Amino acid sequence: NAGVTQTPKFRVLKTGQSMTLLCAQDMNHEYMYWYRQDPGMGLRLIHYSVGEGTTAKGEVPDGYNVSRLKKQNFLLGLESAAPSQTSVYFCASSYRQGGHYEQYFGPGTRLTVT
Amino acid sequence: AQTVTQSQPEMSVQEAETVTLSCTYDTSESDYYLFWYKQPPSRQMILVIRQEAYKQQNATENRFSVNFQKAAKSFSLKISDSQLGDAAMYFCAYRSSNAGGTSYGKLTFGQGTILTVHP
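Line by line, the protein sequences give chains A and B.
Okay, so the first sequence: first residue is 1 according to this note's numbering, each after it adds one.
Okay, so the second sequence: first residue is 115 according to this note's numbering, each after it adds one.
Some hints here could point you the wrong way.
Keeping only pairs whose Cα atoms sit at most 25 angstroms apart, straight-line, the calculated SDA-like set for lysine to any residue is [said to hold, decoys possible]:
| id | chain 1 | residue 1 | chain 2 | residue 2 |
| --- | --- | --- | --- | --- |
| 1 | B | Lys-192 | A | Glu-102 |
| 2 | B | Lys-187 | A | Leu-45 |
| 3 | B | Lys-192 | B | Gln-116 |
| 4 | B | Lys-184 | B | Ser-144 |
| 5 | A | Lys-71 | A | Leu-22 |
| 6 | A | Lys-9 | B | Lys-187 |
| 7 | A | Lys-70 | A | Thr-114 |
| 8 | B | Lys-169 | A | Tyr-104 |
| 9 | A | Lys-57 | B | Lys-192 |
| 10 | A | Lys-71 | B | Gln-158 |
| 11 | B | Lys-169 | A | Asn-28 |
| 12 | A | Lys-57 | B | Tyr-218 |
| 13 | A | Lys-9 | A | Asp-62 |
Since the hints were made in silico from the structure, they are not lab data.
Bear in mind that the values here come from a model prediction, so they are computed numbers and not experimental data.
Throw the hints in and build the complete structure from the sequences for me.
This is the structure in structure tokens:
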């Protein structure tokens, strides 16, 4: 199993450009998440999905859109990138076993917006 | 909403010594889970230890143990016999239980503590 993979690993964008980050998991997990990590702020939840075709807003959703057309993929889109979106982005997936949701994280994507 | 606070931006320890990382949280819930994650320079998030709030016994995983004080809403991580490989950013995280069916496993993280291990 590859686990959770993220594409790309690094990206530099100019202000106003758009891009899509791809997260893929091969563990048949139902739940998927996008977090962003900023210095001094830890990881914050952007959007999440509880199943194919469903998405929901997290703590910091503004400026981002997501889609979950296939169970194994969770896409994060930036329509018009801003310098404030410079961050490291983590995708995670999990399954529910009783009360447990063990989260598996991807390796992260470092995005710089100039 | 729940909040998690790590008040120590940086900590350091000598190899083979013991260090304790602090974490406090705020919640009105009675049932939840607490976690410590390790993030080495590779950026990979690694689960170190998990504590279930309804369990009074503190969790331990080899050299890692926690001091869970539910009434004080405190959840510290103790690393014994520190090794150079323990150097990393450590995050404390909170997750609601699924009793209400709406948590969906979402995590709330603290700000992180950078741990340096000196040889």
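Hint check:
no.	hint	in the structure
1	B:Lys-192 <-> A:Glu-102	holds (22 angstroms)
2	B:Lys-187 <-> A:Leu-45	holds (22 angstroms)
3	B:Lys-192 <-> B:Gln-116	holds (23 angstroms)
4	B:Lys-184 <-> B:Ser-144	holds (9 angstroms)
5	A:Lys-71 <-> A:Leu-22	holds (13 angstroms)
6	A:Lys-9 <-> B:Lys-187	violated (37 angstroms)
7	A:Lys-70 <-> A:Thr-114	violated (32 angstroms)
8	B:Lys-169 <-> A:Tyr-104	holds (24 angstroms)
9	A:Lys-57 <-> B:Lys-192	violated (34 angstroms)
10	A:Lys-71 <-> B:Gln-158	holds (23 angstroms)
11	B:Lys-169 <-> A:Asn-28	violated (30 angstroms)
12	A:Lys-57 <-> B:Tyr-218	holds (12 angstroms)
13	A:Lys-9 <-> A:Asp-62	holds (22 angstroms)
The structure is inconsistent with the numbered hints 6, 7, 9 and 11, although it conforms to all the rest.
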